Amino acid sequence: MSVLTLEHVSKTIGRRLIVDDVNMAVEPGEVYGFLGPNGAGKTTTIRMIVGLIRPTKGSIRVMGHDISRDRRAALSHVGAIVENPETYSYLTARQNLVHYARLAGIPHAKRRIEEVVDLVGLTGRVDDKVKRYSLGMRQRLGVAQALLANPKLLVLDEPTNGLDPAGIREFREMIRNLAQGGMSVLVSSHLLSEIQMMCDRVAILKGGRIIAQRSVSSLVDGTASAAMIRVSNENAAVRVLKDRQWDAEVSAAHVIRVRTDGSAIPKLIRDLVRAEIDIYAVEPARESLEEAFLELTDDKLASSSSTPAGGVANA
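Each position in the sequence shown, counted from 1, maps to that position plus 377 in our numbering.
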């Protein structure tokens with residue numbers, strides 16, 4: 378059974394359709410990325426999942442419980458951080474957790490607090506006041522709070538906002554560890570490189586509709602191919618290739634990037650050699666989730682990638 382299921386979910390606010398017929402599922406132990414440009418409907422969908430607003434149409438189920446008809450049972454399996462975690466800075470982390478455990482009626486609260494503090498890596502600092510915490514530590518405390526009820530699904534909306542690179546890496550490792558322990562995680566973020574390293578699958582939302590939903594690896598592999606070529610003169614090489622209708626750009630000193638598939642590489646090399654451009658290395662470009670995301674959501678890129686140009690093979 379899927380931990381989270383959305384079937385034909387739509388949300389209308391006033392006369393505006395914000396979320397349009399969304400279908401998705403999150404499986405046990407999966408880190409699921411939820412992506413989309415600003416205004417795509419991500420936050421509205423997340424708010425429906427955590428019970429803050431009701432869908433206009435469709436159903437949302439958590440562990441088989443419909444969130445509209447059986448709200449208490451459904452939300453008993455959900456832990457969430459939507460926007461910033463709420464904590465009392467003048468209390469210690471432990472005091473904050475005791476307070477929230479009492480509010481939630483958590484049984485065996487003392488033992489559970491020790492467990493979640495260990496899970497998020499705050500054992501040595503749990504008795505420090507929160508006002509002394511870094512932003513990354515506050516985020517960890519927020520996750521600990523969300524984990525108190527031992528949820529099956531953890532929902533995180535932009536959890537790495539404001540974190541420095543070290544904090545982001547620590548947070549990513551924590552999420553992967555939780556998933557390895559069997560918890561499902563739904564995470565929304567603008568940091569696509571982090572989503573690529575953190576998530577098993579992603580859904581991309583555009584205009585309120587899901588336009589792609591598959592594994593990170595298959596999504597990245599499905600983007601247009603490219604080659605990185607080390608040359609004697611990168612600017613001259615780009616001019617030559619653009620004159621011959623190749624999609625080329627300077628990537629770094631003496632390195633150009635050309636969008637093409639492997640079968641077109643020999644012709645590309647011949648064009649450079651005829652122009653007396655020395656070639657030192659040719660290797661496939663490492664595609665990224667960011668490129669796949671932009672290709673799917675940017676109307677200009679989508680239209681240009683669908684139109685073949687000169688020597689460039691179709692993606």
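A couple of the hints might just be wrong.
Stated by the list, open to error - The list that follows gives simulated cross-link-like pairs (lysine-lysine, BS3-like), each with its CA atoms no further than 27 Å apart: (1) K506 <-> K487; (2) K487 <-> K529; (3) K644 <-> K619; (4) K487 <-> K508; (5) K434 <-> K583; (6) K434 <-> K506.
Read the hints as simulated data drawn from the structure, not as lab findings.
Since we're looking at a predicted model, the values are computed, not measured.
Taking the hints in turn, this is what the structure says about them:
1. K506 <-> K487: Status holds; Cα separation ~18 Å.
2. K487 <-> K529: Holds: K487 and K529 sit about 20 Å apart, inside 27 Å.
3. K644 <-> K619: Between K644 and K619 the Cα gap is close to 14 Å, so the pair holds against 27 Å.
4. K487 <-> K508: Roughly 23 Å between the alpha carbons, so the hint for K487 and K508 holds.
5. K434 <-> K583: holds (18 Å)
6. K434 <-> K506: violated (44 Å)
The structure does not agree with numbered hint 6 stated previously, though it agrees with all others.
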